[in-house]
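Protein chains: 4
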Amino acid sequence: MMIIMKEGATGTDIDDVINRLHAAGAEAHIHCGDPVTIAVEGDREEVAGLPLEVYSGVDRVVTLLRPYKLVSREFHQKDTMVSLGSTLLGGGHFGFIAGPCSVESRDQTLEAARFVKEAGATALRGGAFKPRTSPYAFQGLGEAALQILAEAREETGLPVVTELMDVRHLDLVLRYADVIQVGARNMQNFHLLAAVGEVDRPVLLKRGLSATIEELLMAAEYIVRAGNHKVIVCERGIRTFETATRNTLDISAVPIIKLRSHLPVVVDPSHASGRVELIESLSLAAIAAGADGLMIEAHPAPETALCDGAQSLSPAGFARVSARVADMVDWVGKTLG
Amino acid sequence: MMIIMKEGATGTDIDDVINRLHAAGAEAHIHCGDPVTIAVEGDREEVAGLPLEVYSGVDRVVTLLRPYKLVSREFHQKDTMVSLGSTLLGGGHFGFIAGPCSVESRDQTLEAARFVKEAGATALRGGAFKPRTSPYAFQGLGEAALQILAEAREETGLPVVTELMDVRHLDLVLRYADVIQVGARNMQNFHLLAAVGEVDRPVLLKRGLSATIEELLMAAEYIVRAGNHKVIVCERGIRTFETATRNTLDISAVPIIKLRSHLPVVVDPSHASGRVELIESLSLAAIAAGADGLMIEAHPAPETALCDGAQSLSPAGFARVSARVADMVDWVGKTLG
Amino acid sequence: MMIIMKEGATGTDIDDVINRLHAAGAEAHIHCGDPVTIAVEGDREEVAGLPLEVYSGVDRVVTLLRPYKLVSREFHQKDTMVSLGSTLLGGGHFGFIAGPCSVESRDQTLEAARFVKEAGATALRGGAFKPRTSPYAFQGLGEAALQILAEAREETGLPVVTELMDVRHLDLVLRYADVIQVGARNMQNFHLLAAVGEVDRPVLLKRGLSATIEELLMAAEYIVRAGNHKVIVCERGIRTFETATRNTLDISAVPIIKLRSHLPVVVDPSHASGRVELIESLSLAAIAAGADGLMIEAHPAPETALCDGAQSLSPAGFARVSARVADMVDWVGKTLG
Amino acid sequence: MMIIMKEGATGTDIDDVINRLHAAGAEAHIHCGDPVTIAVEGDREEVAGLPLEVYSGVDRVVTLLRPYKLVSREFHQKDTMVSLGSTLLGGGHFGFIAGPCSVESRDQTLEAARFVKEAGATALRGGAFKPRTSPYAFQGLGEAALQILAEAREETGLPVVTELMDVRHLDLVLRYADVIQVGARNMQNFHLLAAVGEVDRPVLLKRGLSATIEELLMAAEYIVRAGNHKVIVCERGIRTFETATRNTLDISAVPIIKLRSHLPVVVDPSHASGRVELIESLSLAAIAAGADGLMIEAHPAPETALCDGAQSLSPAGFARVSARVADMVDWVGKTLG
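Chains as they are written, first to last, in this note's numbering: chain L, 8 to 344; chain G, 8 to 344; chain Y, 8 to 344; chain Z, 8 to 344.
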């Protein structure tokens with residue numbers, strides 16, 4: 008159950024409600040968003056019978072049918088907007104995140120940052136720590152990569168999105184990243200979710216390969232419940248029997264999440280398809296379906312990339328896709344950045 | 008292996024090639040399309056060594072990497088266009104097929120035909136024979152339904168798309184339908200595919216719930232190989248673990264099929280999602296991804312429908328979606344009908 | 008709703024119940040099994056209120072929670088036993104069906120029949136009509152194959168299990184087959200199901216590649232509802248993301264179907280795995296899980312087979328597996344044949 | 008590429024090989040198992056051409072077709088056996104791990120330990136840290152649970168298997184656990200894998216919900232490569248479209264893993280099915296298919312369990328299943344413990 012307070016509700020109003028709930032044996036948590044809301048855990052029968060709507064300052068009481076609360080659209084009706092450096096993502100602002108799969112070298116990353124910036128990207132992606140199926144594959148450059156990303160930000164002004172794989176690296180990543188990415192394989196690494204929920208930094212949470220939409224929103228709930236409201240969720244393809252693509256882009260996840268949650272949704276057509284020749288079609292489809300942003304892999308020389316070369320756009324390819332993306336963003340009535 | 012003949016190739020040219028192939032022990036089939044092509048079965052080594060390119064009238068010889076031949080883009084580079092009554096579908100012409108899941112009554116069907124025509128549909132769908140999971144569910148009105156569909160066509164001018172479930176009904180369906188639909192559950196009913204391949208009537212072939220894209224194109228190959236080149240393939244969602252939607256729309260299938268085949272591709276967002284609130288988003292995404300048409304369920308009164316009510320648009324809903332569809336068709340540079 | 012009559016119920020008892028149901032506006036169908044049962048369609052409220060238990064001859068009234076009725080365990084508690092020639096399958100009798108994927112020649116088939124008989128098989132499988140993904144693959148020998156199978160039966164005494172793909176071939180197949188197989192791709196070919204439901208011949212119904220267990224039982228319901236109670240269902244693997252096996256054997260389907268239905272269940276480890284080295288393990292697992300039979304591919308010379316060579320046992324391999332199968336059948340307390 | 012040394016190879020033999028590989032530009036790692044082996048990374052062409060077989064002490068050189076090396080059967084032909092306290096698992100020894108989903112209280116856990124020990128279990132499972140989809144669900148008692156498990160071990164002699172979710176808890180878990188479990192959701196938490204690879208304690212690695220068998224073995228490779236050879240892999244069901252069971256037990260994974268790897272395989276029928284009425288059938292099937300052990304949930308009072316009540320056996324149910332398990336273990340020629 009969620010209690011949504013009115014705009015002008017006072018601290019005393021809030022205390023009164025909390026006290027009444029505690030007296031009835033329920034746990035209650037205050038979320039100081041806009042509006043202030045009170046999440047009641049347990050939804051016990053005693054609480055269900057309380058005349059909470061008549062308390063001063065209470066706007067309405069929402070009984071939730073779904074297992075997530077704080078991330079639900081019922082709880083918070085307005086679209087959440089998350090900062091990407093000096094630009095926004097969500098609520099009519101379209102975020103365009105691009106860059107290489109991994110930071111391989113200073114030159115490769117700076118070059119990538121320049122050409123994606125030139126073509127209209129609003130943020131730079133790049134992996135410093137790489138989750139790889141094989142222990143024998145390139146695992147990322149670690150802190151050296153983070154320093155290169157920071158340098159690229161300094162030169163281009165693009166905020167940096169990079170993945171955190173290990174809770175022990177949180178402080179390190181916080182020193183460099185504008186947005187912390189939680190990867191698909193860690194979507195249900197619940198302690199990692201709780202940890203990024205305790206810091207004040209936007210989080211981009213990717214859907215697990217076989218996670219349902221409900222599980223994705225529950226994972227986001229872990230972060231928001233720990234106090235961090237700045238969450239972007241990312242559809243990046245699910246695992247099915249089809250082998251023509253690396254994964255199957257679940258395009259329906261975009262409108263479903265927009266209906267059920269106030270969180271912004273980004274689509275990653277690169278990991279979803281694994282094929283560079285599909286990026287344009289899938290990017291346009293994602294925007295048409297209502298996505299708040301895209302996350303695309305691009306590399307100065309895809310044929311030499313240490314990972315994901317087959318799904319990375321070249322500078323020319325990225326420029327071509329970006330022009331179409333900008334047109335479609337305009338068509339749906341959103342603003343780039 | 009496919010042999011593509013030049014535009015001016017004569018009957019003698021063709022005979023010479025065929026005779027040479029037969030002499031080498033291969034089977035060869037002529038397909039009198041534009042251009043004339045000769046499909047060679049077996050791809051035996053002896054044939055591979057023949058200097059076929061130097062024969063008179065031969066344009067080029069194509070070795071196929073994929074198991075389908077006649078439906079492949081390598082075999083026929085130009086987009087196939089299929090007639091929907093007096094309009095077209097494919098090659099820049101967008102087909103917009105709409106109507107009820109089943110023909111339930113004369114009134115319901117005529118009313119549906121009128122409002123979808125009014126909103127811009129270019130063909131009418133409606134089931135006379137219904138494949139239902141339960142033997143206790145409504146199974147369709149049979150020939151009476153076909154007569155009602157024909158009446159709706161007479162009044163509105165919309166060509167009729169209706170499903171054939173049983174090879175014994177082929178003559179009956181041919182008397183009424185402009186386009187024969189082969190449903191998802193019959194995608195690998197190979198004798199049904201061969202039967203519709205022997206008639207001169209467009210076929211709309213729906214992807215099976217767990218069919219790969221390659222299997223869909225192989226099923227289309229069954230039809231084309233039997234002589235009928237007028238095939239439209241339809242992406243209608245695949246079966247995955249996700250339960251938020253009835254099926255998972257595989258939006259990537261659209262660009263993949265366009266790359267690999269010359270056949271037109273239609274998307275059915277109604278069956279893919281099973282949810283009326285997603286139809287607009289998914290329709291726009293499909294067009295943006297390159298679809299040549301849409302197939303949407305609409306009903307004068309969805310809440311009373313005998314099947315698929317939850318995924319059928321009302322007249323007002325359909326009008327709203329149609330307006331957006333028309334805009335997006337325009338944006339991608341295609342013509343409606 | 009199902010009405011189960013007592014053992015000694017008279018025709019008048021039955022008529023009384025039927026008349027009462029008709030008077031209340033319900034449709035009722037008599038099934039002359041043991042015991043006699045009356046299936047009531049519609050489950051309308053009026054019917055729900057009738058005091059049917061107090062009618063003479065009525066044993067009990069069962070309200071069904073699942074969408075299938077006649078095949079449910081609630082409806083008929085005793086295991087159904089189906090004849091395989093002079094042996095049985097179900098109710099403690101284990102059926103062991105083996106033979107080649109396709110009938111390729113008289114020699115190959117007779118040889119296969121001999122060695123599977125020798126090793127303990129109780130029925131011979133062999134395809135005359137083959138559903139093949141590719142129109143260019145071997146499609147079966149048709150009636151010539153059926154004649155060869157009949158000859159093999161005459162020599163070895165093994166009853167013949169063969170697939171019916173096309174309702175137009177029903178009479179032909181009935182002339183030769185002891186058990187009609189409906190293949191995975193036709194599991195929801197509802198007119199074919201209805202057609203085999205109208206004849207008095209055992210049917211082996213294979214689960215579709217992406218059919219749920221409930222859908223499989225609904226398909227069986229189509230057959231039983233049309234009057235044919237002799238149905239065997241077959242688990243043969245479902246389509247998943249895993250690629251190490253051709254399909255994923257859903258071993259849990261065996262105990263689930265045994266709990267929910269009275270129909271016997273057979274497992275096909277050959278199609279489920281596609282790998283000859285797994286046949287023994289999966290066969291033993293199937294028996295341990297409660298299967299009433301197995302269906303295994305075997306070929307005199309698998310390396311030359313026209314289809315499914317990689318999953319077909321050689322004579323020596325089949326003998327080895329059969330010995331272990333016989334031991335395990337004994338361990339679970341069942342009788343072979 | 009793997010170089011397998013002879014039994015009597017000396018340190019000098021090994022150094023010679025390593026030096027030759029380094030001179031050719033390859034990386035080489037020594038694994039001091041029995042026999043000693045040298046893993047060569049990169050498999051570069053230069054290395055492929057070296058006449059390594061003629062070096063003193065070299066038994067054979069294995070070129071690996073699969074991406075995993077150290078866990079492959081080619082690399083190490085004999086079955087790995089892992090200690091469960093004073094008993095073994097693998098190589099003809101069957102491990103029977105049972106206990107509650109979570110440690111809820113001292114009484115519940117001690118009672119569970121007693122009745123599973125009494126019925127024949129060889130290890131006790133119980134969760135102290137619980138990965139739960141919802142942040143509002145019971146998350147485990149943490150260290151207090153570990154202390155209770157240690158007390159249960161002291162009383163019953165059963166070694167303790169418990170899950171590690173967070174690399175920061177490794178030291179804590181090592182103080183109490185005999186076997187460290189890595190859960191399905193963490194199967195690709197690569198830093199956690201590396202961390203448990205650096206300690207000398209058996210690891211039970213569960214297959215991810217949508218992980219392929221190859222990915223499971225790659226995850227095991229992360230652990231073994233870090234130096235810990237004591238790895239048990241666990242099949243616990245994969246995510247498919249079927250909803251009759253919680254997951255789909257991939258029984259074929261058992262023989263496939265036994266063919267490809269020397270690591271022991273355990274099956275968890277509780278999580279695979281989510282239904283207590285299937286545990287017996289699936290346990291027997293697993294043993295018949297070749298599993299080296301079982302992991303089963305049991306609870307003194309399943310109807311009051313804080314998690315997984317529907318899939319937990321009661322004391323009576325567990326006793327019944329255990330008796331059948333013991334018989335089947337005997338039938339396949341293995342020893343319990």
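Some hints here could point you the wrong way.
Note: identical chains are not told apart, hence a pair may lie in one copy or across any two.
[What the hints assert, rightly or not] Derived pair list, reagent style EDC-like, types lysine to aspartate or glutamate, alpha-carbon separation capped at 20 Å:
#	residue 1	residue 2
1	Lys-265	Glu-205
2	Lys-265	Asp-315
3	Lys-124	Asp-185
4	Lys-85	Glu-284
5	Lys-265	Glu-284
6	Lys-124	Asp-334
7	Lys-85	Asp-66
8	Lys-85	Glu-162
Hint data in this document are derived by calculation from the structure and do not stem from the laboratory. As the structure is a computational prediction, the values presented were derived from the model and not from experiment.
Tested hints:
For the identical chains of this complex, Lys-265 and Glu-205 are neighbours neither inside a copy (25 Å) nor across copies (44 Å), given an alpha-carbon limit of 20 Å. Taking identical chains as interchangeable, the C-alpha atoms of Lys-265 and Asp-315 are never at most 20 Å apart, the minima being 29 Å within one chain and 24 Å between chains. Taking CA atoms no more than 20 Å apart as the test, Lys-124 paired with Asp-185 passes inside one copy only; the shortest distance there is 16 Å, against 51 Å between copies. In this assembly of identical chains, the alpha carbons of Lys-85 and Glu-284 lie at most 20 Å apart only when taken from different copies (19 Å versus 36 Å within one copy).
When the C-alpha separation of Lys-265 and Glu-284 is checked against a cutoff of 20 Å, the pair qualifies only between copies, where the shortest distance is 11 Å, while the shortest distance within a copy is 28 Å. Taking identical chains as interchangeable, the C-alpha atoms of Lys-124 and Asp-334 lie at most 20 Å apart only when both belong to the same chain, with a minimum of 17 Å there against 30 Å between chains. For the homomeric pair Lys-85 and Asp-66, the shortest alpha-carbon distance inside one copy (15 Å) is at most 20 Å, but the shortest distance between copies (60 Å) is not. Proximity of Lys-85 and Glu-162 under a CA criterion of 20 Å is satisfied in neither setting, with 35 Å inside one chain copy and 47 Å between copies.
Comparing the model with each earlier hint shows violations of hints 1, 2 and 8; every other hint is respected.
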